[in-house]
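Q: Sequence:
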Amino acid sequence: MLQAEREGQYPIPELGAIVTPAVAVLRAGQQESYGPLAEPFRICVITAAAPRGPDVSTPEARQVYIDRMTKKVEALLAILEHLGYPDLVLSAWGCGAFRNPPEEVARIFKKALSERFARSFRRVAFAVYDRPDWPGEGNSAVFRREIMT
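Residue numbers (the numbering used here): 1 to 149.
Just so you know, the hints here were simulated from the structure itself, not pulled from any lab data. Treat the hints with caution; some may be incorrect.
Pairs of lysine to aspartate or glutamate, EDC-like flavour, derived with a Cα cap of 16 angstroms [claimed, not checked]:
no., residue 1, residue 2
1, Lys71, Asp87
2, Lys71, Glu14
3, Lys110, Glu146
4, Lys110, Asp67
5, Lys71, Glu104
6, Lys111, Glu74
7, Lys110, Glu74
8, Lys111, Glu146
9, Lys71, Glu115
10, Lys111, Asp67
Derived CB-CB ranges, DEER-like [as the list claims (entries may be wrong)]:
no., residue 1, residue 2, range
11, Ser57, Pro36, 46 to 52 angstroms
12, Glu60, Glu32, 47 to 53 angstroms
13, Ser140, Glu32, 17 to 23 angstroms
14, Val45, Thr70, 19 to 25 angstroms
15, Ser33, Ser57, 39 to 45 angstroms
16, Met148, Pro36, 32 to 38 angstroms
17, Pro40, Gln63, 42 to 48 angstroms
18, Val19, Arg119, 19 to 25 angstroms
19, Leu26, Thr149, 14 to 20 angstroms
20, Glu115, Gly29, 30 to 36 angstroms
21, Arg62, Thr149, 30 to 36 angstroms
Ideal Cβ placement from N, Cα and C applies to all residues, glycine included.
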């Protein structure tokens, strides 16, 4: 996949996504030792790539990134709106290995969900994982602060 990306042949368009509408959830979470669920269920999974290692080193570069990421977030939410999914579980998209700035990503999601998509979804939650081996404030604290204020 990385080779395809380097060659400009990444299979997902810049503002596109892959929608997998019926992924079976068969196991419980870590607290239940990933044991099998008594009643498996299905969820929709949407797959799209955030920018990899965006340049945010200057105010101009940061604005270019914000504009690009805003388009990507709005495209992702528009797909889910079009498909009629009322409940969303989102992530700190791109804020892990791809090193997108969590403050900006959270603000972009907050703005899109409170303006253009304010009436599109019944419930929206952010499931944000903090890697214990990364220094500094975790993504979950950043998202909580930015989304809740």
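Q: Hint by hint, say whether it matches the structure.
A: Evaluated hints:
no. : hint                               : in the structure
1   : Lys71 - Asp87                      : violated (21 angstroms)
2   : Lys71 - Glu14                      : holds (9 angstroms)
3   : Lys110 - Glu146                    : holds (8 angstroms)
4   : Lys110 - Asp67                     : holds (15 angstroms)
5   : Lys71 - Glu104                     : holds (13 angstroms)
6   : Lys111 - Glu74                     : holds (10 angstroms)
7   : Lys110 - Glu74                     : holds (11 angstroms)
8   : Lys111 - Glu146                    : holds (10 angstroms)
9   : Lys71 - Glu115                     : holds (14 angstroms)
10  : Lys111 - Asp67                     : holds (13 angstroms)
11  : Ser57 - Pro36: 46 to 52 angstroms  : holds (48 angstroms)
12  : Glu60 - Glu32: 47 to 53 angstroms  : holds (49 angstroms)
13  : Ser140 - Glu32: 17 to 23 angstroms : holds (21 angstroms)
14  : Val45 - Thr70: 19 to 25 angstroms  : holds (23 angstroms)
15  : Ser33 - Ser57: 39 to 45 angstroms  : holds (44 angstroms)
16  : Met148 - Pro36: 32 to 38 angstroms : holds (35 angstroms)
17  : Pro40 - Gln63: 42 to 48 angstroms  : holds (45 angstroms)
18  : Val19 - Arg119: 19 to 25 angstroms : holds (22 angstroms)
19  : Leu26 - Thr149: 14 to 20 angstroms : violated (38 angstroms)
20  : Glu115 - Gly29: 30 to 36 angstroms : holds (33 angstroms)
21  : Arg62 - Thr149: 30 to 36 angstroms : violated (20 angstroms)
Checked against the numbered hints given earlier, this structure breaks hints 1, 19, 21; the rest are met.
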